[in-house]
Each structure stands twice: as C-alpha cells, then as structure tokens.
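Given next are the chains, with one letter for each unit.
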Amino acid sequence: MSSKDVILGRIRSALGPGLEAPAIPRNYRRDSDKPDLDLLVERLVDYKAVVHRVTGGGIPAAILEILGAGTVVVPPGLPTEWLPPEVEAVVDDGLEADRIGAADGVVTGAAVAIAETGTIVLDASPDQGRRIITLLPDLHICVLRPEQVVASVPEAVARLDPRRPLTWISGPSATSDIELNRVEGVHGPRNLHVILVAD
Amino acid sequence: MTTFLGMPARAPRGVGHLRGDEPFPVAAREALANAQLRRNLQHATTTIRGKSGRVIAELPDWQELRAAGSALKAYTMANLPLLLEQLEEKVTAAGGVVHWAADANEANRIVTDLVRQTGERRVIKVKSMATQEIGLNEALEAAGIAPVETDLAELIVQLGDDKPSHILVPAIHRNRSEIREIFLRAMPGVDPSLTDNPPELAGAARKYLRETFLSTRVAVSGANFAVAETGTLAVVESEGNGRMCLTLPETLITVMGIEKLVPAWSDLEVFLQLLPRASTGERMNPYTSMWHGVTPGDGPQSFHLVLLDNGRSAVLADEVGRQALHCIRCSACLNVCPVYERTGGHAYGSVYPGPIGAVLSPQLTGVADNASLPYASSLCGACFDACPVQIDIPSILVHLRNQAPHPRTEAAVMAAAAYMMDRPKLYASAQRAAKLARIAGRRGRGLPPPLNGWSASRDLPAPPKETFRDWWRGR
Numbered sequence: 001m002s003s004k005d006v007i008l009g010r011i012r013s014a015l016g017p018g019l020e021a022p023a024i025p026r027n028y029r030r031d032s033d034k035p036d037l038d039l040l041v042e043r044l045v046d047y048k049a050v051v052h053r054v055t056g057g058g059i060p061a062a063i064l065e066i067l068g069a070g071t072v073v074v075p076p077g078l079p080t081e082w083l084p085p086e087v088e089a090v091v092d093d094g095l096e097a098d099r100i101g102a103a104d105g106v107v108t109g110a111a112v113a114i115a116e117t118g119t120i121v122l123d124a125s126p127d128q129g130r131r132i133i134t135l136l137p138d139l140h141i142c143v144l145r146p147e148q149v150v151a152s153v154p155e156a157v158a159r160l161d162p163r164r165p166l167t168w169i170s171g172p173s174a175t176s177d178i179e180l181n182r183v184e185g186v187h188g189p190r191n192l193h194v195i196l197v198a199d
Numbered sequence: 001m002t003t004f005l006g007m008p009a010r011a012p013r014g015v016g017h018l019r020g021d022e023p024f025p026v027a028a029r030e031a032l033a034n035a036q037l038r039r040n041l042q043h044a045t046t047t048i049r050g051k052s053g054r055v056i057a058e059l060p061d062w063q064e065l066r067a068a069g070s071a072l073k074a075y076t077m078a079n080l081p082l083l084l085e086q087l088e089e090k091v092t093a094a095g096g097v098v099h100w101a102a103d104a105n106e107a108n109r110i111v112t113d114l115v116r117q118t119g120e121r122r123v124i125k126v127k128s129m130a131t132q133e134i135g136l137n138e139a140l141e142a143a144g145i146a147p148v149e150t151d152l153a154e155l156i157v158q159l160g161d162d163k164p165s166h167i168l169v170p171a172i173h174r175n176r177s178e179i180r181e182i183f184l185r186a187m188p189g190v191d192p193s194l195t196d197n198p199p200e201l202a203g204a205a206r207k208y209l210r211e212t213f214l215s216t217r218v219a220v221s222g223a224n225f226a227v228a229e230t231g232t233l234a235v236v237e238s239e240g241n242g243r244m245c246l247t248l249p250e251t252l253i254t255v256m257g258i259e260k261l262v263p264a265w266s267d268l269e270v271f272l273q274l275l276p277r278a279s280t281g282e283r284m285n286p287y288t289s290m291w292h293g294v295t296p297g298d299g300p301q302s303f304h305l306v307l308l309d310n311g312r313s314a315v316l317a318d319e320v321g322r323q324a325l326h327c328i329r330c331s332a333c334l335n336v337c338p339v340y341e342r343t344g345g346h347a348y349g350s351v352y353p354g355p356i357g358a359v360l361s362p363q364l365t366g367v368a369d370n371a372s373l374p375y376a377s378s379l380c381g382a383c384f385d386a387c388p389v390q391i392d393i394p395s396i397l398v399h400l401r402n403q404a405p406h407p408r409t410e411a412a413v414m415a416a417a418a419y420m421m422d423r424p425k426l427y428a429s430a431q432r433a434a435k436l437a438r439i440a441g442r443r444g445r446g447l448p449p450p451l452n453g454w455s456a457s458r459d460l461p462a463p464p465k466e467t468f469r470d471w472w473r474g475r
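So the sequences go chain by chain: A and B. Start counting the first sequence at 1; every next residue gets the next number (my numbering). Start counting the second sequence at 1; every next residue gets the next number (my numbering).
Hints listed in this document are in silico derivations from the structure and should not be mistaken for laboratory results. Some hints could be false.
[Said to hold, decoys possible] Listed next, the stretches of chain A that the computed footprint assigns to chain B, with coverage defined by at least 3 CB atoms under 8 Å from CB atoms of chain B: (1) 23 to 37; (2) 110 to 117; (3) 122 to 136; (4) 166 to 175.
Ideal Cβ placement from N, Cα and C applies to all residues, glycine included.
Chain B extracted, bound-state conformation (with noise of 0.2 Å):
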C-alpha cells in the first residue's frame, strides 16, 4: 500500500522532462555562446513587453485583478480536496469520466490505454505543458501511437527535432528564415518556393495539417482552467488548432494539473481578463473554447479527464513554495527575465523555463535533482512585478536557496571570515596580507583552486592602498 503521510511524493525520475541533462551555468554557457540565439530571444521578448504593457494600462483595474487572482487561487489551494472531488462528480454527471494520476507514469498509462480502447494509431494534440512535463509523447510512441503536435510552434519544434523554450512560444528560439529552412526540410509536401513571410508560413501549417484533423479520431489537450462548481473546461488558444482538436475527434483526452481549478464559473471573469494581457499581450487571445462533458450531437461524445498530481502535492507542502502552483502559465515572467532573455528556455533543463521553472522545477523533483535552477536568477524582482497573479518568485528562489547545498568550499571561506571578523587583530592583520597580495598579484586573476569557482564568474575587489584603519591612524 502507498502511504502518503511520510515524505512528500515528488514527480519522479526517468520519466517527463522536468530535469536537465547538465546544471544550469553549464547548459547557459552554451546558449550565451550562440549570437543568433540571443538576437532572437530578444527581439521576442522586447516584442511581447512593449504589446503586454500597452493592452495592461488599458485596464484601470489591473492591479485589483491581480490581487483577485491571487486570492482566488490561494482560496482554491486551501480549499484542493474539495473543489477537486466537486469538479470530479460535475464533470461526471455532464458525462465525462474522471481519472486520477499520482504520478507521470500513471498519467501516461492512463491515457495510452484510453487510445489503445479506441483502436486508433495516431491522437492530435493540442499544446499542454502536463503532457510535456510527464513526456506523454514518448510514452505513446512507446506504443505505437503517434502523436501529432497541432500548435505551430510545437509544430516548429517537432519538425526541428528540436526542444520547447518558452512555456507560450515554444519556438521562440527560432526565427522566420530557420522556420521556413525546417518546413523546406521537414514538412511533407511543402511548397519548395515558400518563402519566410509569416502569414506564408502559418498558411504552410494550415494546408499541411487540415487533412490530419479531420480524419483523427482522437484528441489530448491540457486545459487552462477547470471550474469546480459547474465542471466546465477551458483552453485558451490563437490558431484554431485547439478549436479542431476539441470538437472534430470521437474521443477527447484532457491531462490537468490538480492546480488549475477555479472555484466558481464567475471566478473565469477575472482570468480571462489576467491571461491574455499578461500572456500575448492581446485584449483576448483569438479563440477560448469551453466544454462542459459530452454535448449530444455536438464535439467528442467521449470525454476523459485526468487529474495529475506529480508533485503537486509536494509543492503544497511548502508555505513558502506552494504559491508557485498559482501558475496560470502565461509566462510574462519568462519575457521580462534579464537571465531568461540570455540564456533561454533550454538552459533550464525543465519544460518550464524561467522565473517560474526555476521555483516550479525543483519543488516537482525535489530541491536535489534541480539545484542549480534556485540561483539561475538576479532576484531583480521583474518577474513579481510582472506576474499576473502576484506570485513572489523572488521570495521562493531565495527559500529554495537555503534548501539547495552550497559548495563546500564556499561554506569554508565564509565561516573562515566569519571567525576573522569577530576578532580584530586577525582582521587586521589579514587586512596586511591583502595589501601584499596587491603588489604580487595582478587583479583580475581571481582565485587560485580549489576557490577559482566561486571567482570564475566575479570579479575580485583591488584590495585598496591604504585600509580605512591605516587612514584612521594617521589622521
């Protein structure tokens, strides 16, 4: 029997990709490294500030949606047991089934069987971070069952043999001439004179995936919000593909993190208001579909919700960490990260990159298996500012420090200068032995090893002429 009452479950390891193959300072030296990365990253990210901050000043209550939104969700988590057994028994009644998911594996037998059931050898997929997370993709191809990605930037990604960077854009890494290079290469029956005008390629994806649609029986998508009270669910979208995805099929399959509950239909006033400024900097994004169950005659006449915990649970558990599950995945914080706009999603190792993934990726693992990701940021406070429902990242990147080991070396030195500075003479003396180190040494060397890890990325002070004692003395 699985107890629950001992340590905290987190997301396991071996499966999903919430952990990088390398520690983030090495993952980012390689992305520094690369000029066109960073050209694009930043024309990106300035892009989607300047329209986010335009359409926000717009709303004269931003702010008092911000902290409605953040009430709401601290509500919801106080409240998880209850509004998740009402969504449960809503959903079920309007038709649909529930199924519950411990972890990343069970997700992913869950859903594999549920296509299996169907007979069907291939599912249409709406974008969802869930299902990247628990590496669903894999999982399906496992069985022989192919998944096809309908967001044209997973889409980008998939083609590219390539990896997510940004929870939004995953293709954000890529500019129009490498996305036309990747349809040219990748995509069947592309036209070979296509050129590298946007609308062109959006028509590209049109055209190469409307036959895909149309005759696949079966659909998985993530959902952006799921209201307990009534048990209707919504996808926020752009292109439509969300919109095929959700009505064409016979069979739709719908992967949820327990954290994305609202309470009450009246709460979506509120989100649908906070994400698509904070997210694509748009008014409304194109298109939100909402399904309540199975409607006869209607979209899918089969519906399966899973419900995924793969550490959510753990998270929870945390005071001061729980308010990263108030997560609505909209990822301003991803574009106004000075770190972020450098290094990219890819440095992260998670499929959340960012602000966000670096309090959300360790919580899900466990502080050990993403130590690294807690100081993969400047704590310039960007990122609370720009969060849509005030989640304090700065706050929990510093709490996670606390719980992620320092270098052995660096504890040294630090309780070494802490036994100097409470006794004057050896500070002083220690004070000489700077000076001396002044005139043989040249500055900018750094620390001689097993210290020249602590200095590779710092700059060492000139130890100064005179000490201020010295001044003080001869005054």
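The following block holds chain A by itself, in its conformation from the complex (with noise of 0.2 Å):
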C-alpha cells in the first residue's frame, strides 16, 4: 500500500461518513470599487517606497532622476521610449545572475496594483521578465499605469493569472525579526520606486 493510499484512508476514517461542508458567507467587500491614487500613493509612501507621479511622456525623465546614468536592466518586452538615453539598458535574454547583480537596478512595469495594502504586483509578463531581474539589483523602478489599478485584493485576485509566476511586491525588503519593528532593507532590493502615469 503506497504512503499516499495510507494516508487518504486515514483521512477517510477520520471524518467518517458524513461529514458535511459548511456554506462560505461571502458577505465581505468583494465588489469593484473605484481605486482611489491617492490612497494607493499613501499606502506605498508609508511603507517605504517612493512614488513619482507624472504624466505619459515623463517616464524617461523619472528615471534619470532616479538613476543618474547607469546601468539597468530591463526584461525583453519593456517600452524602449521609457528609458532615458543617459541609461544603458542591458535587456535580459538569459543573463547570469552576477551580471544582473550587478546592475545599478532594474525597471519594469506591473501587471496589478492594489490600492488598500500599497501592493504591486508582477506576473512574469514581457514588460516585466524574469522574477530573478527584479531580485538581485539593490533599486526596483516600476512603472505603474492607472488602469492596473484596483481598490482591494479580491479585485487583483481576480484580475490574475494563477497559471504564471506572481511576485506580490509591498514596499521594499524588510524584516520585522527584531523586536516586531518593520525595518527596511534585507535581501530583495533596499530602494523601491513606482513611477504612476496620468491618464
């Protein structure tokens, strides 16, 4: 008899013969809500990240005031119009994991944003790569457009795939280990940024 055989039957005898499943009341806020900026700008703002908010041709610009020229790289599908052309970007086809590490940071865009918990989420799509680019360089810029926005997480779990790799970003690397204090900066990267575009 195979382990897995041992323990359904167990399981089995375990509940015994009617066991009935309760109803789930689904009388929480499940409904979609007009996401409101501001409180998503608020939220990322107080967990530390840093918010740029500009209009559709001031990407380049927030970058090279974020960056100053140096190196980023940056997944296959990015925008090139978004990138300043003080930045040399280094598109990852692969690359190993030193080179990536080694770049100043890394920028792409996001597939969810959650206003309510300060959440951005990526999902692996051509703008966004790889989720080792977006883990191993020190700065994250993430351009974020109002439309990826939604008010509350049944909204984004709704929105995503559960098919494809899911990085639920809030706020840069912390650690709450010592003493229960949020403190920033531990292995992921120390300096996040979100660059949110005006329609």
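Dock the two chains into a complex; use the hints.
If you want it as structure tokens, here you go:
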C-alpha cells in the first residue's frame, strides 16, 4: 500500500461517513470599487516606497532623476521609449546572475496594483520579465498605469492568472525579526520606486 | 501492511520537535526567572498587538473575512481527500512531482533522497514550521548535507545555537544587543564595528547570505497556501530570502502539511487579507511568491511537493479538536496570550508554542506525550478573539484537559469533597475542623504533602471566623 493510500485512508476514516461542508459566507467586500490613486500613493509611501507621479511623456525624466546615468536591466518587452538616453539598458535574454546583480537597477512594468494595501504584483509578462531580474539589483523602478490599479485584494486576485509566477511586492525588502519593528532592507531590493503615470 | 482503521496515527516519537524534555510548569519556571527574556517578550508582543490592532481597524469587513476564512477551512477539511488528489493532479500537470509522507521519518527520507540525487551537499531553506516540526535539519545533517536557514530570525537562532521561541519571529526572545553579540561571535566575515542598529544588523545578514543564495542549487521551503483548483503554491514573507530560495536554485523541494490547502484560487482573496494583518500587523507583507509547477526559463526547473501527515489525520478524527488544523500560522494568539507573554515559547517544548501550540502539539503527538500543555492557559479567551480564522482554542483546551490524566491526589480530594458536600452533618463538622485549622496554622502555608503540589501555585483561602450556618443560627 502506498503512503498516499495510507494517508487518504486515514483521512477518510477520521472524517467518518458524512461530515457536512459548510456554506462559505461571502459577505465581505468583493465588488469593484473605483480605485483611489491617492490612497495607493499614501500606502506605498507608508511602506517606504518612493512614488513619482508623471504624465505619459515623463517616464524617462523620472527614471533619470532616480538613477542618474547608470546601467539597468530591463525585461525584453519593456517599451524602449521609457528609458532616457543617458541610461545603459541591458536586456535580459537569459543573463547570468552576477550580471543582473551588478546592475544599478531594474526597470519593469506591473500586472496589477492594489490601492488599499500599497501592493504591486508582477506576473512575468514581457514587460516584467523573469523573477530573478527584480530580485538581485538593489533598486527596482516599477512603472504603473492607472488602469492597472484596483481598490482591493479580491479585485487583484480576480485579475491575476494563477498559472503564472506571481510576485506581490509591498514596499522594499523588510524584516520584523528584530523586536518586531519593521526595518527596511534585507535581501530583496532595498529601494523601490514606483512611477505612476497619469491618464 | 499498514492498517489505518485502528488507532489514529500520531506523530512518531524520537524524531522532530513536538515534545519537550520537561513538562510546561517546570520549563516555565526557568523562563519566569529570566527578567531579560520577560522584558524582550513584553516589548515585542506589545508592539505587535498595537500594529495589528491598527491595521485590522482599517478594514470594515474584518469579522466577515474571519467568518469566511473559518468556513473555508472547515470546507477544506470536509473535502480533504478530494482536494488533495486534485492538488496532486494539478501540480503534476504543471511539471511538479508530488510525494506523500505518512510521518516525519518518511518526509525526512524523501527530502534527503531528493537532495542526494542532485549531488549537492548544501541546501538553502526558507523558514518553514513543517520542516522544523519533523526535524529535517537534523536528518539532513546526519546525511552529510548542510541546511542553511535564510530567514533573519532563523539565522539568529541557528548562529546562536538556540531554539525558536515564536512561530513568526523565532528570535523574539532576543533583543538587538543580544543579536549583535551573536553576529559578532558566530557570523563568518562580520564587520567587527557592527552596532546594534537594526538596519545595520539586517545589512550584515544581507551581505553574509548573498553568496550562499547565488551558489546553492537546492532549496527547501514550506508553503502558506496551496490552491487545489489550480496547483498554485504560495509563500508569504518579508525579507526576500523566500524569493531568493524560490527563484535562484535549480531544484525546489516544498514540504507542506496536508491541511494547508485552499479549495479555489479566489479563496486566497480572504487569506491574503487575514494573514498579514493578524500576523506582522501589516496591510500586506513585503513579498508573496506564487508559483505553478515549473515555468520554463524562470525559476527552479525541478519542483517537488511533499505532502505531510505526521499526526494531522489523527487530529482530524477529533470532532472538537480538528479545528486546530484551520491554523494559518499567523501567531496572533501568541502575541495576545498572558501566559506566552510571561513564559516565552521555549517552555512549551514544541515548535508550536503559545495557545495554538497548546492545542495542536498534544493532538499531533497524542495527549499523553504533551499532557501538561492543555493546562498552559488561563482560559481567558483572548486567543479566540485574536484568531483570524476563529479557532475556539479555549474550548479545545478544556476538551483536551478532559483527556489528560489529573494528578491522583487531586482526584481523591475532589471525590472526598463531593462525598462530604452530599452529607450535611459531615460538612458541618468539616467546617468546624477548618476553623480549628485557622487557629492552629498560619494562612499561606499551603497544604501538607501529598497535597502541597496542588497548593504550590494556589493561595489557600483563610477559613472565616464564623461559618454562614453559625451566623444564621445566631441571628
């Protein structure tokens, strides 16, 4: 008898003949709400992300302001017009880890952002790339369009595809392990900048 | 052949960390005498209670979310065989390999063999209660494989040659200056001018572990959630060490208790609101990673999921106790518990301390092996109020106390008292005798042996000068 059969047999015997499954009360907030961009900014800033609000053409200037001249890793599908000419872009075509870690930063888009929690979610789409590129550099610049912002967690879950690798990011890397106070800056990027593009 | 229709299969002895060396009251006495420990715990639990309370108050539907979370877990338990098979099918279809481990020994053997097959001698680990429960690190070390804990608090515990004392923050019993001392003593290559400033301490861990992350080809993780409907797994964390372990290595081995399932993808909308607010007191934890089997060209290209029973099916057999399996390991019950706040986690003797540990550990091992834990509570009910999935911990504690043997002298005294109270004449003469005792003895001395154990932690009330009956007669 396999361990699978043993375990499933034990569970069935533990549950007995007819354990009734309860109905799930879904009366928590699930409806779509108009997302409040100011709330998103407030919540991002509260968890030590830096937010830059720009109009459509202002992305390169914002990146230049954050980075100065330097090297950034970019995913293969990142719109090239986002980058200022002063910045050297290294496109990730399967780069080695040390190359990614040596860059001054990484620029990506995003899949969804949640206003209520100040969270951005990456789903490895072409403008976001492999998970490793947003992990090793010490600076992550994320460009967000207003239509990607939702009000709450349930709306974000509904928009996301559970078959893709997903990374939910709320502020820079942090820890609460020392006396239960939040301290920014452990293994992930210690600097998170969000460029929020206006309509 | 193994039979499963007889006694429920508990977590085996001699492996893992579910049983303490001494009963709770003995272990607690040592902790209570440590003033530094009590200061650290009080500071940390007060901080987290404040933070958590503030972000919970921001949500108008917190109670509705708790009710949904509780019902979802009950639904999962009722449909567990079906959901586990669905998960296996989905994970396999997504390129993962599913293993079933009936107990700690089997899980340790599976993981050790998988690491051996890669030829590696070192693994990086994301903090995982399940792998601590089964003593995986000891099993790997015995096989010549070095496990490296990458969570900051776990690293503090590992470098300090210490034991975890909290589910979420295993080094909660250490303050910043103690952490600095541990790093200076045990962290290779540490800057000797390190101060006890928390960002600097975090920076030291970043520097120390970066090379290890980049050069280790096998990772071992736990899982916070697994979605049966899609085969998606989720790990919730703060530091980015989880992302490192889940992204950089070639092989990922995830060990998960069979109760960690959620039925559908959309159910995460409930738990991803409950967990961070109840746990670290954040609106959302810094990082949550979700993966679906193997993604070509992105992350580990070999994924193994080990489904662990180790006594869980036995817990499921208890109609009152089974709700302990609803736990999402947030540790809110530890942070509000007046007993935990004073004794800390070590006194519980198990990797699961605090109120949830007092109901989970005895059920996983069988009550006889953890008989003192159901008594490690004042039954104040704060844990029930704090639990984001509404586990009625006080009721389970009382239920388990009925299964734990009472001391024989206590039972004898209670039986004698019951006999006497049934017989008015006997009762009256006992009251007179108690009055004599008032003259003969001083208050606070306690009872003579063999009853002194009972009165060691209880004050004996002074018998009154006049009994109610005497007063009534003389009125």
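How the hints compare with the structure:
With 8 residues bearing a CB less than 8 Å from a CB of chain B, the segment 23 to 37 of chain A meets the requirement of three and the coverage assertion stands. Only when three residues or more bring their CB closer than 8 Å to a CB of chain B does the claim for the segment 110 to 117 of chain A stand; here the count is 3, and the claim holds. Proximity of the segment 122 to 136 of chain A to chain B, defined as three or more residues with a beta carbon under 8 Å from a beta carbon of that chain, is established by the 5 residues found. With a threshold of 8 Å between beta carbons, the proposed coverage of the segment 166 to 175 of chain A by chain B holds, since 10 of its residues qualify and at least three are required.
Of the numbered hints given earlier, the model fails none.
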